[in-house]
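Dock chain B against the given chain A, drawing on the hints supplied.
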Amino acid sequence: MSILDWLPWMRERRTRELADELLAHLEMAEADLVARGESPRDAAAHARREFGNVGLVQEISRDHWGGGAMWIERLGQDVRFALRMLRKAPGFTAVAVLTIALGVGATTAIFSVVNATLLHPLPYPHPEQLVRIEDDLLGVGAQDVGMSTPEWWDLERSGVFDYVSPGWFDDNNLTGLSRAQRVGLLIVAPNYFALLGVKPQLGVTFDPADRTGGFNGQAVISDGLWKRVFGSDPKILGRVVQLDSDSYRIVGVMPPGFQAPGRTKEERSTEVWPAFGYAGPPLTTYERRSQHFPGAIARIKSGLTIAQAQTRVDALVRSLRAQYPADYPPQSEWTIRLVPLKDNVVGDTRQSLLFLLGAVALVLLIGCTNIANLLLSRASARGREMAVRQALGGAASRLTRQLLTESVVLSMLGGAAGVAVLLGAKSSLVRLLPASLPRVNDITISWGVLLFAFGISVVAGALFGVAPALQIRRLDVTRVLKQEGRGSTASGEQARTRRVLVVAEFALSLVLMVAAALLVRSFWDLIHSPLGFDPRGVTVIRTRLPYPNDPAEDLYPTAAAEAPFVREVLRRMRALPGVEEAELGSSSSIPLDHPEQDQNVFRVVFEGRGSEQPSFVNGAEVGSEYFHLLRVPLLRGRLLTEFDNDKAPLVVVINDAMARKYWSNEDPLGKRLKVSPLAPSWSTVVGVVADARTESLESARVPVLYMSLYQRSAKHLAIYLRGRVGATIDEQVREQVQSINSALPVFAAATLEHNVAASLDARRFAMEMIAFFALTALLLAGLGIYGVISYMVSERTHEIGVRLALGARQADILRMVLRQGLMLAIVGGAVGLIGAAAVTHTMSSVLYGVSATDPLTFGAVAGTLIVIALVACYIPARRALRIDPMSALRY
Amino acid sequence: MANKPPTSRIELLQGTLDLIVLQKLRWGPCHGYGLVQLIRAGSNNVLQVETGSLYPALQRLVRQGAISTEWGTSDTGRRVRMYRLTPKGRARLAAERSKWDQLTDAIAGLMRPPEESEA
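Here the protein sequences line up with chains A and B, keeping their order. Residue numbers for the first sequence follow the numbering used here, beginning at 30 and rising by one. Residue numbers for the second sequence follow the numbering used here, beginning at -16 and rising by one.
Source of the hints: derived by calculation from the structure; they are not laboratory data. Among these hints, one or two may not hold up.
As the list claims (entries may be wrong) - Residues on chain B that point at chain A, a partial pick, calculated with CB under 8 Å: (1) T34; (2) Y38; (3) R64.
We treat Cβ as the ideally placed atom computed from N, Cα and C, and that holds for glycine.
Chain A with its partners taken away, still in its complex shape:
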């Protein structure tokens, strides 16, 4: 055999020759029989009978030609045939292709997000060596409490890491331009870029060996800032910019697409990186182990796994605890945890993404079940065709393969349509994603994603194709051919397969429906739970006072220095048209909006309880009208007043949750606490306000303490306005604030109602997606049971005719048909309830106000499904009633 045999025309010639050879055989046999005295007609039939199935002999003879060409040739034939068959049944093809397009498209879409966020490594060299270092105080249940400069040095010297780099996110005022701008700032150690292993597109990054204690005056900026503010100026290097009235020399511009590996959206959109040694001004007590910055990232030395590094860090922690018992009291159980940097960036989106992927895969599976059902009914309609083909020499294995090919071709068409829609709609789909989702920029329809789509299309095709394809093997050719007309060829087994498929479909849909219903109920409860504050008519606008590195340059170093500014802003705000009430607070006082999580947690020390174990409590600095403006009622004592200023003793107001947690059996009024172990004097609790869902919508019982803005200065400020303010309110406020100090940025104007809604974004997204998938599943399941029951009715037309003719009442017939469908729905529902209980178990953490096995939800969903099933069965049942006994009996 030569390679030439692989060529199509060579194969064609051989096929012709083989056919000719077999024909010659027949002719010779016939001639012999004639010679023995048979009539020519008998001889021809006899010879043929003797010979057997000409087509089959040809087919299996060609099997022995060998080589892959056979396979390719067959595949080509099968695909061509499949396309022809699909074109002949446009209705069926359209439904199947749409179903698969939806299933594969949606699955691929979710997968592309999972791929970008969870599977894709971070875009830095050797990302597996990157970790974030988190310090925990297990004894007081506090996580990620931050790190001190001496601890940083200990880790750097430990030999475990190539680099350890502290980072401190802040926002700054970029001034010296036409308008003051707020920019995200990540104050990093000089080794930051060396640690990440990224190069700038322009200039240089910092020298990792730089040992300057304070700021070295250098800054690297993002590509975005370079383009937006500096117009892609090629001479940007060496230019000096003012941030919070400090001067920085720009030494480098990062490439487009470079993102800081941060936990929050704000941190990931960092635009300026100044270099800071964490051992100099403005840090004054950096040598103390109790002076914390938010934390650090690190690169583990190559050759060490994270687990090995963790073991060595644990040993270091043990020796440090022994060495500095005053700083690390045993009961606080200080530990250091190495978290893969990717996990840190991805955070808690992992669970909801995997959940979504599971949900969408279920939809695909249900779609497959539906198509399997459609194919089965087609298979029985095509039973005659298949029987004829077998009789004409189609080997059963060959026909099976051809039917499977038909399914896979169908599935690939659907998959291609789904991916095409996905490619076209990608940008608008990405916009649907919640803003908090990390790594959205990394989402692409890459070759990997396309391969995934291809893979699941093939698998889906094989899945829904396997049942009808296997039917071929059980086809009783003689029986089918003997039947007159187009009688059905459905076997009892086939009917059973179809019923099992419908049951499976119902069970799967029920699981999805229950999950969706639980999420919807959680959401409903959340938006209807009393907030404890009144967001209606309140607008929040933010500004920020500069925080220069040299304290001598600070215009507002103390609360007393800041007070005139605060009063002036308030005076001007109250004069704005439509404003009824106005107040200021630190940005951490904004309900449900904590972009700088770290800055609103205070290490509180209670008088008379020892200072070793600080408690971590959320807190905020607010003006005296804050509670009234938000309509948070006072329960005991008094609110803050304007007279709680720098000349008066320090006071705090706490919420009820804090009172109950820390003074469960005592009156908190008059008790004293320090908001930091380093605070010079005690603050007295003067009032208790009602709990409000300001920290999290899920819980009203988060302890919060409030300090007077006139006693403790805040750089990040929120301006609250209640009343009917105009759409240009941000411009009006900007004008007023900047006429006091033109260097101040005014940004992030939003209504409180918007904040409340935005805090539900991620939850809303998950709920809407799951609900959409569940409704799709419900629709598919309804269509599935409709198909099976309609088919059953058409199968039994004759029987129903007989029954009617023998006097069965219409109601009996109706009941008989409905009972069939109902049984399927009930069995499917029962299986689904068990499955749902197993699945929703994993959802407990995302549910609110409803248990994962809430009987009401389970019952309601099962009931809905059964009603859908009844409706889907009623239509074919009606058709059964219209059967005319006379015409039914004639067939």
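This is chain B only, laid out in the frame that chain A set:
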């Protein structure tokens, strides 16, 4: 009719057919129909070779190089494909024949009635 009822025919074992085809082609090239006739006549109508076995076997032997094909004419002048034993096929026939002889001797020994073997 020359045909006996199907029950008395013996289906050929896989591999045996190859040997028989090679054996029959020892006397000269032959076409497929001829081989069927030769086998039937040579076995006194006991061995019935199915076309569905013969033609695949021929294709297989061609692929293995044991036989070659050529186009010739039949007695009636029709163009037919003839099969001819190649030297390779001849060698294979010799090897398989001696194996076959050993096998049949062995089986015959096993099947011999006990009293004969005692005698």
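Numbers of unmet hints, in rising order | Result: no hint breaks.
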